[in-house]
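Protein chains: 2
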Amino acid sequence: MSLPTQRTEPRQVADRVNHEFAEAAAILDEGLIAHVGFAVDGQPFVIPMTYAREGEHLYLHGASVSRLMKRLGEGLEVCVTVTHLDGMVLARSTFGHSMNYRSVMIFGQARWVDDAEEKDRALKQLVHFLVPGRNDEARAADAKELNATAFLSLPIKEFSVKRRSGPPQDPAKDMSVETWTGEVPLRVVAEPPVDDPTMQGDHTTPNYAIDYLNKRAAALKE
Amino acid sequence: MSLPTQRTEPRQVADRVNHEFAEAAAILDEGLIAHVGFAVDGQPFVIPMTYAREGEHLYLHGASVSRLMKRLGEGLEVCVTVTHLDGMVLARSTFGHSMNYRSVMIFGQARWVDDAEEKDRALKQLVHFLVPGRNDEARAADAKELNATAFLSLPIKEFSVKRRSGPPQDPAKDMSVETWTGEVPLRVVAEPPVDDPTMQGDHTTPNYAIDYLNKRAAALKE
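Here the protein sequences line up with chains A and B, keeping their order.
Take 1 as the starting number for the first sequence in our numbering and just add one per residue.
Take 1 as the starting number for the second sequence in our numbering and just add one per residue.
Next comes chain A alone, as it looks inside the complex (with noise of 0.2 Å):
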């Protein structure tokens, strides 16, 4: 991801920084993994978790055993990155390449979710957020579950949102440059569901499990 630059006659601004909370939101909505760093003793760590946004805060999924996800309940600052990359971008120059993205960085100190009715609450906003329906038809937690589950919450409070789009913005100097130059777009896709080989009986694939993104992406929106 190219941070600004120093170029000397850009078009326009490509990369660009807003705090905007409905931006965030459609992000993070977007998402499925966050990246969470902390630091323990001066230690980096940035370990890939799933989370699931519920109004102004986020809630962060591990297992309760795990002695990182301790930590960051005792109040360690944290900072959550979720990015979709949306395509490269080549340009005229090695130098202007880029990439067309969007991210969301969030910093803050989580709380550890502690309450057992919150957890079972966190649990179904989690799958919720995931797979929208599939509340409806999974087997919900029983307490030992509850009890070997950990959510940490995070408010969406201070972060900062940061993108960048469109077409390569070479300095007019590199007009001349005798090659293509261009976006390739990328994107996620989900592919035809796979039978678990253990299922037993006769059940339909589930609809929101064909064409998930979209589905997804539709269901959260109501």
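No lab work stands behind these hints, which were simulated from the structure alone.
Quick reminder that beta carbons are idealized off the backbone N, C-alpha and C, glycines included.
Any given hint might turn out to be false.
Stated by the list, open to error - List time: in silico BS3-like cross-link candidates among lysine-lysine, alpha-carbon distance up to 30 Å:
#	chain 1	residue 1	chain 2	residue 2
1	A	157	A	70
2	B	70	B	215
3	B	144	A	173
4	B	119	B	144
5	A	173	B	124
6	A	124	A	144
7	A	173	A	124
8	B	124	B	70
9	A	70	A	124
10	A	119	B	173
11	B	70	B	173
12	A	221	A	157
13	A	173	B	119
14	B	119	B	215
15	A	144	B	173
16	B	221	B	157
17	B	173	B	124
18	A	157	A	124
19	A	221	A	119
20	B	157	A	70
21	A	144	A	119
22	B	124	B	221
23	A	124	B	173
24	A	157	B	70
Stated by the list, open to error - For the chain A half of the interface with chain B, some residues (derived, Cβ under 8 Å), not all of them:
#	residue
25	37
26	112
27	135
28	138
29	177
30	194
31	206
Put chain B on the given structure of chain A with help from the hints.
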């Protein structure tokens, strides 16, 4: 990403950690961005960055104007994580839901690349790594551009690979739950290239930009 859990009746260990260089290299070579974590005075940052693997080290790329890049170059401990999300795993219980993924996490100290010749080589390696073939067509960087570019070099020495694949791993007691179970595979695809509207003259879309991800994968294996 569900961390290993306390499920008591696993049919097999679905999540596994290893330290195989070949596996780490394959995950890195498939990736286009890394999430780079470090802490300044206890404040963690997780920043998406472009990178290139070259043998047993990574070049991380940023703008030399970046204050954070400079701090990293002073030998701060860093954690670089690259993750591919391969699919959603829909189990019989909400608790059993998971994701299939491949992730590599590298720890260490990055070296600031000061030498202009190495910077030039690093930029070429970055362009080759991201868009094999592009160096032959794009204008190479001039001294001013190299001056405005920053690279960090990080050895791939202390790292771990974590991955999950396959169907849900429900316990025997859940086999009678009446629901469809299985995986929804996810994949990143490249769409047809989009011409830069400022392009002058008649330039054919280059071969490496068409079916870009598959061409890239094949070229990086050569």
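These are the hints, each one checked on the structure:
1. A:157 - A:70: Measuring from Cα to Cα gives roughly 22 Å; hence the hint holds.
2. B:70 - B:215: violated (34 Å)
3. B:144 - A:173: Given pair residue 144 of chain B, residue 173 of chain A holds - Cα atoms ~14 Å apart, limit 30 Å.
4. B:119 - B:144: holds (12 Å)
5. A:173 - B:124: Judged against 30 Å, a Cα distance of about 21 Å means the pair holds.
6. A:124 - A:144: Holds, at roughly 16 Å.
7. A:173 - A:124: The given pair, whose Cα atoms are some 56 Å apart, is violated under the 30 Å limit.
8. B:124 - B:70: It holds: about 21 Å lies between the C-alpha atoms, which stays within 30 Å.
9. A:70 - A:124: holds (21 Å)
10. A:119 - B:173: Distance ~23 Å between residue 119 of chain A and residue 173 of chain B Cα, so the pair holds.
11. B:70 - B:173: violated (55 Å)
12. A:221 - A:157: Holds, because 21 Å separates the two Cα atoms, which is no more than 30 Å.
13. A:173 - B:119: holds (23 Å)
14. B:119 - B:215: holds (26 Å)
15. A:144 - B:173: Roughly 14 Å separates the two Cα atoms, so the pair holds.
16. B:221 - B:157: With a Cα-Cα distance of about 21 Å, the restraint between residue 221 of chain B and residue 157 of chain B holds, given a limit of 30 Å.
17. B:173 - B:124: Judged against 30 Å, a Cα distance of about 56 Å means the pair is violated.
18. A:157 - A:124: holds (23 Å)
19. A:221 - A:119: Holds, at roughly 24 Å.
20. B:157 - A:70: holds (27 Å)
21. A:144 - A:119: This hinted pair holds, its Cα atoms lying about 12 Å apart.
22. B:124 - B:221: holds (17 Å)
23. A:124 - B:173: With a Cα-Cα distance of about 21 Å, the restraint between residue 124 of chain A and residue 173 of chain B holds, given a limit of 30 Å.
24. A:157 - B:70: holds (27 Å)
25. 37: holds (4 Å)
26. 112: violated (15 Å)
27. 135: The hint holds - residue 135 of chain A has a Cβ within 8 Å of chain B, the shortest such distance being about 7 Å.
28. 138: With Cβ-Cβ at 5 Å, under 8 Å, it holds.
29. 177: Holds, about 5 Å.
30. 194: Since the shortest Cβ distance to chain B is 5 Å, the answer is holds.
31. 206: Constraint on residue 206 of chain A satisfied, holds at 5 Å.
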